[in-house]
Amino acid sequence: MSERPHLLIVDDELLIRDLLYDYFSARDFEITVAENGQSALSLINEESFDTVILDIKMPDMDGLQLTEEIRSNHGDLPIILITGYPSVESAIEALRRKVDDYFVKPVNLTHLRRAVETAVDRQTTGGHQEETS
Amino acid sequence: MTNRGNRRVLVIDDEVFVRDLLIDFFEKLDFEPVTAADGNAGVDAFRQGTFSAVLVDLKMPGKSGIETLSDIRAIDTKTPVIIMTGYPTIDTSIEALRLGAYDYIIKPFKLQDLRDIVDRAIREQELHAEIDTLRDRITNIESQLREHRAQTAGRPRVPESS
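Here the protein sequences come in this chain order: A and B. Reminder that position 64 of the first sequence reads as 64 in my numbering, one-by-one numbering, no gaps. Reminder that position 85 of the second sequence reads as 1085 in my numbering, one-by-one numbering, no gaps.
Calculated directly from the structure, the hints in this document are not laboratory data. Every value quoted in this text rests on a predicted model; they were computed, and no experiment measured them. Don't take each hint at face value.
As the list claims (entries may be wrong) - Simulated pairs of lysine-lysine, DSS-like, Cα-Cα distance not exceeding 25 Å:
#1 B/K1059 x B/K1107
#2 B/K1107 x A/K98
#3 B/K1063 x B/K1028
#4 B/K1110 x A/K98
#5 B/K1028 x A/K98
#6 B/K1078 x A/K98
#7 B/K1107 x B/K1028
#8 B/K1110 x B/K1059
Same shape as in the complex, but just chain A:
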């Protein structure tokens, strides 16, 4: 309970990584950043995260492929996608991969934070009704 939620932020743009790092660090989140899909996957295999924020358009592996990888190996770890190039196709693909949310850049940070909090909550309670203590 006392531990800060751990977020992984994956974006190839330094500006976005810095922006999100500063915003969420100031709001009592523990942040790890990755600049591409491969390093994100390595981090997810080594560490435990409460939610992952992924950019869709990245050079090595796009956010949807990365989502597929995460779903295959890490079940329903909450994933929030962000993109500067929204499309019906990518939103449908995201829906089919059971992504928690999908934001269009420039992202409203308050809305993103709410989505992250909902996702962290889902992760913490396991997405199921927990027995009450």
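Place chain B on chain A using the hints.
Positioned in the frame of chain A, the structure of chain B alone reads:
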């Protein structure tokens, strides 16, 4: 293989042509289709019955498909809801994602694709139900174990016979 016998599917679409087509389609697949011509009637039908899957048209007069999905989700979060539309947009696909739609398919679609989606949705739902049952069983066993430990905690141990 999905056993479809006795499974009910709810189709909510204002176009009679689509409803008739899907009634025929689902009956041939051994489902029991139930139809509604608008969002309100669809939500009422959903409230009154148990369905293996729901298909909702996005663009309907009165309550939209997204509002219908939202109302259905307020009643039940597990039944797979598939959005159908001839007018896909980024906003509605994102809304559908946020409201936990199972799929979002663009009209005209191939009936074989719809069949695959419905079968997959039902299989996943059954797996989730099985996981929930197993989880409940584990919780029961754990509480029985705790009870047993509490009852035997103060008792002296019976010495083992040599």
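Numbered hints the structure breaks, given as an ascending list: Checked against the structure, the hints that fail are numbers 3 and 5, while the rest are satisfied.
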